[in-house]
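Engineer: Top to bottom, those sequences are chains X and E.
The first sequence runs 630 to 704 under the numbering used here.
The second sequence runs 26 to 314 under the numbering used here.
Honestly, the hints are just simulated from the structure, not real lab data.
Ideal Cβ placement from N, Cα and C applies to all residues, glycine included.
Where hints are given, some of them may not hold.
Not the full set, but computed from the structure, chain E residues with beta-carbon under 10 Å of chain X [claimed, not checked]: (1) Thr233; (2) Ser234; (3) Glu236; (4) Val240; (5) Ser249; (6) Ser252; (7) Leu255.
So you can see what is in the structure, the chains are spelled out below.
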Amino acid sequence: MAKKYMRVEYSVKNVGKTADDVRQYINDKLGIECFVALHPNRLKITFSSPIPDKGIKIIDDYVKEEMDGARVVAE
Amino acid sequence: MIFDFLDPEYVKAQMDKLSNLNITLSQLRDDIKGAGNKTLTDIVSAINTQVDTKTSTLDSRLYNSTDGKSVYDHLKSIATSGVGITNFPSWFTSSTVTIDTLNSTVSGLKGGDSRTLTDLYNKLSDIGGSLSIANFPSWFTGSTTTTDTLKSSIDSITNKLSIANWIGKVGIGDGTSVASVISGTLAGSSANLIGVAPDLVKMYAGGTSYEESTVAVSTTEDSSSFSPALKFVKVTNEGDVDALIRLNGSSATQIPVPAHTGKWFLFPVSSIYYSTSSGSTTLRIEGFA
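Working from the sequences, and respecting the hints, build out all of it.
Structural biologist: Now the structure itself:
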């Protein structure tokens, strides 16, 4: 059974985006509601319902491309 | 032979008399009849007719054939029975109410201090002389401004003010009324104020995402953002240098957070901008979304 996640964190370098941008992307792409906190070097995402690896991968790609970030926490 | 003769002197005298007649008899007749050509017979007839008519009228006045009474009869009746005064109030015809009674009643109108109508008139005159409406606004003394005008204006104001929105209906937490006009004191003076009641239910209930982060703060302003906005925020300056923060925008007013102090912000916060005047410090940001 595939693991599901409720919370992920990324180490980010380029913070040109806002928390609203990230949340809107996740909502549009995955149809999932979440809470996003974006600090100068840290992105925290807490999902309202568990999402599978496949969804996390989509977010990983988005964060890497847009914020030069890498996932550091997934639980 | 004897001849009778008239004395010429006498005849002459008589003729002289006749010569005094300067008009003819027929002329005299016509003058007597006048322009209306009325004979004495005509005049007598006219007089008789008038006398008959006037007498008849006078008779009808002195004697009324309908009720069969003459003027004499009526006067006798008045002298015997008096005149009916049925239209006067009962107290006026009362056998026990006298002029003295009326005088007593009128005296009662003067009151305990026996003021007369003259006193009242003088007092009103004094008041009239003392009254001045110079201090009333022009609209009050305006010839076109009536109480109906004032009522109309008051109704207009009333329609714009809903009593339901006054104090007591400010819905703290129920989200139905977030601001209302209330009575209060401002700078020591009573005034109508805007009362604000934040929707605490919507702000604080249901927050499940707890955010706690520590951010480094330097002289270069940086920011953190939250989506959805944190319902409230606690910012703690854990360093030795004072920090300055702005909430919900980079152009908002800077709020100082002195070293080793913190602030609670009980309203939604979607972003925090932070910096120092010199040196660096650390801010701990906590809140529920």
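Engineer: Are the hints correct? Go through all of them and say.
Structural biologist: Here is how each hint holds up against the structure:
1. Thr233: With a minimum Cβ separation of about 8 Å from chain X (threshold 10 Å), the hint on Thr233/E holds.
2. Ser234: This interface hint holds because 4 Å falls under the 10 Å limit.
3. Glu236: Holds: closest Cβ of chain X sits about 5 Å from Glu236/E, inside 10 Å.
4. Val240: holds (5 Å)
5. Ser249: holds (4 Å)
6. Ser252: Holds - the Cβ of Ser252/E comes within 10 Å of chain X, reaching about 4 Å at its closest.
7. Leu255: holds (8 Å)
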